[in-house]
Amino acid sequence: MTADPQAAWHTDFARAEDVFSRGERAEDASVLSDAVGLYRTLLARTSREFAPTAWATTMVGLGRALRVLSVQIGDSDTAREAVTTCRTALTVFNRTDTRTDWAHTMAQLGAALAAEGQFTHSMAQIEEAEASFRDAAAGFTRETEPLDWARAQRNIGATSAVLGEHDPDTNRLADAVLAYRAALGVYTKKNAPTDWAMTHSNLGHALRVLGERWDDTSLLEQAVAACEAALEVYAREAMRRDHAMTQTNRGNALSALGVRDGDPDKQHTAMAAYQVALDCFTDPTEEGYRAVARFNFSLAERRLRDQVGA
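In numbering that gives the first Met the number 0, the protein residues as written are 0 to 309.
Keep in mind that the hints were calculated from the coordinates and are not lab data. Just so you know, these numbers come straight off a predicted model, no measurement behind them. For glycine and all other residues, C-beta sits at the position ideal for the given N, C-alpha and C. Just to be clear, a hint being listed does not mean it is correct.
Restraint ranges, calculated between C-beta atoms of paired labels, are given here [said to hold, decoys possible]:
{"#": "1", "residue 1": "Glu227", "residue 2": "Gly184", "range": "44 to 52 Å"}
{"#": "2", "residue 1": "Val291", "residue 2": "Thr95", "range": "26 to 34 Å"}
{"#": "3", "residue 1": "Ser217", "residue 2": "Asn93", "range": "40 to 48 Å"}
{"#": "4", "residue 1": "Asp262", "residue 2": "Thr52", "range": "27 to 35 Å"}
{"#": "5", "residue 1": "Asp262", "residue 2": "Asp166", "range": "24 to 32 Å"}
{"#": "6", "residue 1": "Thr284", "residue 2": "Asp76", "range": "14 to 22 Å"}
{"#": "7", "residue 1": "Arg94", "residue 2": "Gln306", "range": "18 to 26 Å"}
{"#": "8", "residue 1": "Val307", "residue 2": "Glu16", "range": "32 to 40 Å"}
{"#": "9", "residue 1": "Glu164", "residue 2": "Glu300", "range": "49 to 57 Å"}
{"#": "10", "residue 1": "Pro4", "residue 2": "Ala237", "range": "36 to 44 Å"}
{"#": "11", "residue 1": "Gly287", "residue 2": "Arg98", "range": "35 to 43 Å"}
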C-alpha cells in the first residue's frame with residue numbers, strides 16, 4: 000500500500016468500527032447491518048496480495064460484526080459466515096509472525112463458533128470454540144495483554160460451563176470455575192467493573208451447577224456471594240437486563256442452597272430475586288428470560304411448600 004491508500008484504509012476502517020460499536024451498544028440490527036456493509040465495501044477495495052495485514056484485519060472486523068448481528072437477528076447462517084470469515088483471516092495471521100493479531104482472531108473465531116453452536120445445539124462446535132479460546136489465551140500473555148488474556152479466560156469458562164452442563168462428568172464445570180477465577184485475577188471492580196461483574200455472575204452460575212452436582216453447600220454459598228458481588232455493579236436502573244439475569248442466577252443458587260440446608264427463608268429470598276427479574280424483563284424480546292424466571296419461581300414455591308409441609 001502507498002501512504003495515501005493506507006491512510007484511506009485507516010479512515011474507512013475506523014468509520015466501520017465506530018458504526019459497529021454504536022450498533023453493538025444499542026443492540027440495533029439495522030446499524031449492525033450498516034457496519035457489515037462498510038466492512039464488505041472496504042474489503043473489496045483492500046488487496047490481500049499488497050496489503051495482507053489490512054485485508055485480514057478487515058476480515059476480523061467483518062467476522063465480529065456478522066457474529067454480533069447473527070445473535071441480534073437470530074440467524075444461524077450469519078453466524079456460520081462469521082466463522083468462515085474469521086478462518087479466512089487466519090490464512091494471513093499466524094502465531095509465529097503475528098502473535099497478537101492471531102490471538103485476537105482466534106478469540107473472534109471462538110465467539111463465532113460459540114454463537115453458531117448455540118443456534119445449532121452442536122456440542123462439537125462449542126468444544127471447538129473452547130479450543131479456540133484456549134489458543135487465544137495461550138497467544139496473549141497476562142503480563143502484556145492482561146485484559147485480552149482475562150477475556151479469553153472468561154470465554155473458556157463460558158464454553159466449559161455449557162459443555163459441563165451436558166456432561167455427567169464434572170471436570171468441565173470445575174474447569175469453568177478455574178477459568179472464571181483466573182479472569183478475576185485480572186479484572187477488578189475498579190479497573191474493569193462491567194467485566195468484573197459479568198465474570199462474577201457467570202462464576203455464580205457455574206458454582207451453583209457444580210455445587211448441586213457435588214452436593215456441596217460451600218460451593219452453593221460461594222455461588223450466592225458471587226452473584227451478589229455482580230449486583231454491586233449491575234444496578235437495576237442502569238443495567239436492567241444484566242441485573243435481572245444475575246438476580247435469576249442468585250435465585251437459583253439460593254433455592255438450591257435452601258434445599259440442602261432445609262432453610263425455608265432461602266426459598267422466600269430466592270422467590271423475591273426471581274420477582275425482581277420478572278419485573279425487570281419488560282422487553283418483548285426477553286420473553287424467554289421471563290419464562291425461565293417464572294419456572295424457577297414456581298420451583299422455589301414448590302420447594303417451600305414441601306419444606307413447611309403446606
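Hint by hint, here is what the structure shows:
1. Glu227 x Gly184: 44 to 52 Å: With Cβ atoms ~20 Å apart, the hint is violated.
2. Val291 x Thr95: 26 to 34 Å: violated (45 Å)
3. Ser217 x Asn93: 40 to 48 Å: holds (44 Å)
4. Asp262 x Thr52: 27 to 35 Å: At roughly 59 Å between Cβ atoms, Thr52 and Asp262 fall outside 27 to 35 Å, so the hint is violated.
5. Asp262 x Asp166: 24 to 32 Å: holds (30 Å)
6. Thr284 x Asp76: 14 to 22 Å: Given about 20 Å between the Cβ atoms, the range holds.
7. Arg94 x Gln306: 18 to 26 Å: At roughly 55 Å between Cβ atoms, Gln306 and Arg94 fall outside 18 to 26 Å, so the hint is violated.
8. Val307 x Glu16: 32 to 40 Å: violated (56 Å)
9. Glu164 x Glu300: 49 to 57 Å: violated (24 Å)
10. Pro4 x Ala237: 36 to 44 Å: Cβ of Pro4 to Cβ of Ala237: about 43 Å, so the range 36 to 44 Å holds.
11. Gly287 x Arg98: 35 to 43 Å: holds (39 Å)
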